[in-house]
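Modelling step: build the complete structure from the supplied sequences, incorporating the hints.
For the sequence shown, our numbering gives the first residue as 8, with consecutive numbering after it.
Any given hint might turn out to be false.
What the hints assert, rightly or not - In silico lysine-lysine, BS3-like type, Cα no more than 27 Å apart, as pairs:
(1) K248 - K212
(2) K445 - K475
(3) K343 - K361
(4) K437 - K361
(5) K248 - K343
(6) K201 - K123
(7) K397 - K361
Quick caveat, the hints were computed from the structure, so don't treat them as lab data.
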Amino acid sequence: MRVPGVSGFSQVSVLVTVNVDGNVTDATIADDRFDGDASAALAAARKWKFRPQSFDGKPIQAVGEITIEFDPPEIPPDTSVPFPIAAPEDIEITLERSACYGTCPDYRVTIRGDGKIRFSTREMSFPGTAAEVHRMFNGQNVLWAGNHEAEISPQAAADLIQRFRSSHFMGMKAEYVAGVTDNPTYALTLRVGKVTKRVVDYVGKEVGMPASVTALEDAVDEVAGTNRWVRGNAQTVSLLKAQGFNFRSRDAAELVQSAIQLNSWPPEQAGVNELIQGAIAEGLDLSMTVGVGVPGRSNESATIGSVIAQYAAETGNVTLFEEMKRAGQVARMTKKGLDSAVLSDMGCSAEIAKALIAAGANPAAVGENGNALHALRSSYGRCADAGSAKRVEMAAALVALGVPLEAHDSIGWTPLMGSNDPAVAQVLLKAGANPNAKDDDGTSVVLSLDDDRAVLTLLRAGADPKAKDGDGTLRQQARKRHWPGTLAWLDEHGIK
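Structure below.
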């Protein structure tokens, strides 16, 4: 989490004690290198609410570390700067967002006081800066590029203008620029008659930019409805339909493919699902082929239906996946697409996992991050958010489907290594996973874990309690990490 209004920019580790109801009952600084004022961090930590924890079927008190980052104190705007007055048609709000070292969208949108909207990807913002280079090499990353016009009610525009007035936008600094690289640049420009105010935001929160600037940027996007052009949603389909767009054409298939690519992260965004379902409803030809290889390097192709099926599988969208399965598109997925989907967490859907293997996916497929069982360890994604019961169901299904228990990822870890969910660890151990497996550096399973319950589960299953690595013995690490269960087990068994 982040704590605003603290001098400097840093972070601190806080050790929290959580009771059986999930409330923090104690918080202390865990980082002995931190020498600043941690009172705000401790106060924030004590307000946290955690998911109640249990072990061996009983509720337990938990101890763990959280990280709190300090943002610099906000630089307040000069509230004495007056807000000018002009007729609605003579007021304009413009938001510019630039490309970055990644897939940041590059566009400009202007909202006039009378409700007129202009959206464009053809006007170069921030010329002569790194943003221009990023745009050149990484593209605009906008689904429906070009110039577009729309309209909102004058009242909606007036409400937005009032937000600028209430935020004292005219009194903001001209720029808030952090000393970092590769990020997108944003700019807000307010013109009221002959008075113009422009504020540049380059990771501004790290140099004291008021949070209200970010809120205004997001408000402009929301009021203008830029997502219909930038990433795609149901409105995109409606606009295209109104223009007589042929949804059975190759252009339609490529539009859907582009929407899937642009919305690859975070997974399964509502807008792209609306666009896909809307295009299908308007007659999208699922058998239309699209290129799926690297442009200029590969001529690989696949049906747009199979591309949708892969997207649905990787995001755990069971309804869409089943629709593609009924349409015969899962059966048309390429071997590469099937294996890629299996190596994702599949939205923690055992149903999808079984269907992919039945369609020809290789249960032993291995990528840089390991196999399908390795994906269950991730701290982000659908499985991470699904809860332990869902992960257990998924682990059991993958084991039954033949996913290897001892496969190695790029650093030599087996699926059991780093598996901090004790219930999942139990599934893997029961299936025969080796509790004493070691990675390429010789680190054993118990020293790869960050959860007291998971370590205790491994010890009960025969893991070596005398394991040690460069950070010390298991006892030393358990003491440092505040693992009462592990320490009690070691005491009980006389392990020093």
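So, going through the hints one by one against the coordinates:
1. In summary, the hint linking K248 to K212 is not supported, as the alpha carbons are separated by about 41 Å, beyond the 27 Å threshold.
2. At most 27 Å may separate the alpha-carbon atoms for a hinted pair to count; K445 and K475 meet this at roughly 11 Å.
3. Straight-line distance between C-alpha atoms of K343 and K361 comes to about 17 Å, which keeps the hinted pair within the 27 Å bound.
4. Taking the CA atoms of K437 and K361, the gap is about 21 Å. The hint holds against a cut of 27 Å.
5. Using a Cα cut-off of 27 Å, the hinted pair K248 and K343 is violated, with the two alpha carbons roughly 34 Å apart.
6. Distance restraint check for K201 and K123: the Cα-Cα separation of roughly 19 Å lies within the 27 Å cut-off, and the hinted pair is therefore satisfied.
7. The suggested pairing of K397 with K361 holds, with an alpha-carbon distance near 15 Å, which does not exceed 27 Å.
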